[in-house]
Amino acid sequence: MERSEGYQIKLEVFQGPLDLLLFLIKKKKIDIHDIPIASITKEYLKYLDNKKNINLERESEFLLMAALLIHIKSRILLPRESPDEEEQDPRKILVDRLLDYKNIKAACKILREKEEKQIKKWKRKNLPKSVPFQEIEFMELSLFDVAEVFFKLMKRQEKSHIKFITGKDFSVKEKKQEIINYLKDNHYLDFFEYFSKQETVEESMVSFFCLLELISERMVTAVQESLFQTIKVWLRSESNT
Amino acid sequence: MKKNLKNIIEALIFMSIDPLTLDKIKDILKEFSDKEIEHAVEELIDSYSEDKRAISIIKASGGYLFATKKEYDEYMKRLLKDEKKQKLTREALETLSTIAYHQPTTLAEISAIRGVDATHCLKTLLEKKLIKIVGRKKSPGKPLIYRTTKNFLIYFGLNSLEELPSKEEIEKILEEKYGDN
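Protein sequence lines correspond, in order, to chains A and B.
Here the numbering used here runs 874 ahead of the position in the first sequence, where the first position is 1.
Quick note: the second sequence, position 36, residue 17 per the numbering used here, numbers continuous.
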């Protein structure tokens, strides 16, 4: 953890290698269409040298750019294979990217002003939803979606650091019946809420499998209001006996 | 009768969750002429822009909607416990504008333009409903395709994507910022 700290501070200043390059170009008052690759590479590497360790996961992009700079320089130095071949300036690929990124940055400045203006004007659309139950638009879920929510839940469980010692076993059959009974009593089941009541990883797993089975047996139907939200489960009406 | 029309439109805008477009108003109020409606809308907006009103009618995403005036920001924050009113981070804003200008686009394209991996930013933007997934590209790996949403337009007070900062506006900023280039 400690070794990446120095660099993270830098990352907050520069949004990435392109951002750093633009900064250097501005600082050295260089014409963006005629970049002296050797000197800018030197400057760029000097920045990278400032940190003792490079966290490959986070900062590989900076290294990639260093490699690109050196690659461009070597292409400039090497003689062309056939002299009459009209070759493009090897720097063009970099210049195009820099200009593109510069435009995005400028657009961001304008958008930021608009954001600051709009953010103070409250719209009813931003209100937390309190739509009557029946009017919510639901989307039908695939097993994959259900699984995704499950993994999210497991992560949440992990965070709570609660440890239990238990010798209880859970059978799929019992658990299935438990879910069905719950549904009969409560009309519907809130996925997040239900799982937060499960005591152990094992129990959560078993109830999750049960739910998947119930869905595939078409005993219940599961819907999610929108992405990243809880999943609600109902008994299918034909099995409501 | 005329005053009545103004009130009808006011009620329509009030009840709309999405910004209400002029076309939709015309469609609902067939008994009035287009001209009458346009005139009434203008009058309505004017009457709201007076100082004594706390609410104004603004145009965003091509339609009309009510918004509180900026002077009351502080109180709205208190009422709604400041929900969702964080400004976008610099990373998120850069990613968002990259998508806005290059849409439809994929994670790889966005990351290439910014020179930085955008996975995390996309998640944030999806959660804020500023972008959406519209499908998969028919290319190796079938990457997801992203677009900005209607919510994006409302968020920045734009009526359409054509109102994104233009080339000229961008150039003006660049001149100010990088005058020596």
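Some hints here could point you the wrong way.
Below 20 Å or equal to it, Euclidean Cα-Cα: the simulated DMTMM-like pairs (lysine to aspartate or glutamate) are [as the list claims (entries may be wrong)]:
id : chain 1 : residue 1 : chain 2 : residue 2
1  : A       : K983      : B       : E(-9)
2  : A       : K1029     : A       : D1019
3  : B       : K68       : A       : D905
4  : B       : K50       : B       : E23
5  : A       : K920      : A       : E935
6  : B       : K153      : A       : D905
7  : B       : K33       : B       : E(-9)
8  : B       : K40       : A       : E987
9  : A       : K983      : B       : E149
10 : A       : K1026     : B       : E(-9)
11 : B       : K118      : B       : D98
12 : B       : K11       : B       : D32
Chain A regions said to be covered by chain B (calculated; three or more residues, Cβ under 8 Å) [said to hold, decoys possible]:
id : segment
13 : 889 to 900
14 : 973 to 983
15 : 991 to 999
Under 8 Å between C-beta atoms, here's a sample of chain A residues computed to sit facing chain B [unchecked claim]:
id : residue
16 : K916
17 : R949
18 : E1076
19 : V1080
By construction, these hints were calculated from the structure, which means they are not laboratory data.
Predicted, not measured: the structure shown is a model, and the values here were computed from it.
Note that beta-carbon positions come from the ideal geometry of N, C-alpha and C, so glycine has one too.
These are the hints, each one checked on the structure:
Using a Cα cut-off of 20 Å, the hinted pair K983 of chain A and E(-9) of chain B is violated, with the two alpha carbons roughly 35 Å apart. A threshold of 20 Å between alpha carbons decides the hint, and for K1029 of chain A with D1019 of chain A the separation of about 16 Å falls inside it, so the pair holds. Restraint check: the Cα-Cα separation between K68 of chain B and D905 of chain A comes to about 34 Å, which exceeds 20 Å; the hinted pair is violated. About 18 Å separates the Cα atoms of K50 of chain B and E23 of chain B, which keeps this hinted pair within 20 Å; it holds.
Of the pairs offered as hints, the one joining K920 of chain A and E935 of chain A holds, with about 16 Å between alpha carbons and a cut-off of 20 Å not exceeded. For the proposed pair K153 of chain B and D905 of chain A, the alpha carbon gap of about 18 Å is at most 20 Å, so the pair holds. For a cut-off of 20 Å, the pair hint linking K33 of chain B to E(-9) of chain B stands: about 17 Å separates their Cα positions. Straight-line distance between C-alpha atoms of K40 of chain B and E987 of chain A comes to about 17 Å, which keeps the hinted pair within the 20 Å bound.
Between K983 of chain A and E149 of chain B the CA atoms are separated by roughly 14 Å; this keeps the pair inside 20 Å, and the hint holds. Taking the CA atoms of K1026 of chain A and E(-9) of chain B, the gap is near 44 Å; set against the 20 Å cutoff, the hint is violated. Pair hint K118 of chain B plus D98 of chain B holds up; C-alpha atoms about 19 Å apart against a cutoff of 20 Å. A distance of roughly 33 Å separates the Cα atoms of K11 of chain B and D32 of chain B; the hinted pair therefore is violated under the 20 Å criterion.
Taking a C-beta to C-beta cut-off of 8 Å, the segment 889 to 900 of chain A contributes 7 residues in contact with chain B, enough for the three needed, and the coverage statement holds. Check on the segment 973 to 983 of chain A: 10 of its residues sit with their Cβ under 8 Å from a Cβ of chain B, so the three-residue criterion for coverage holds. Counting residues of the segment 991 to 999 of chain A whose CB falls under 8 Å from any CB of chain B gives 9; the rule of at least 3 is met. Interface hint at K916 of chain A: violated, since its Cβ lies 20 Å from the closest Cβ of chain B, which is beyond the 8 Å cut-off.
Given hint, R949 of chain A at the interface with chain B, is violated; its Cβ is 20 Å from that chain's nearest Cβ, farther than 8 Å. A hinted interface residue such as E1076 of chain A counts as satisfied when its beta carbon comes closer than 8 Å to some beta carbon of chain B; here the least separation is about 30 Å, so the hint is violated. Annotation: interface hint on V1080 of chain A violated; nearest CB of chain B at approximately 30 Å, more than 8 Å.
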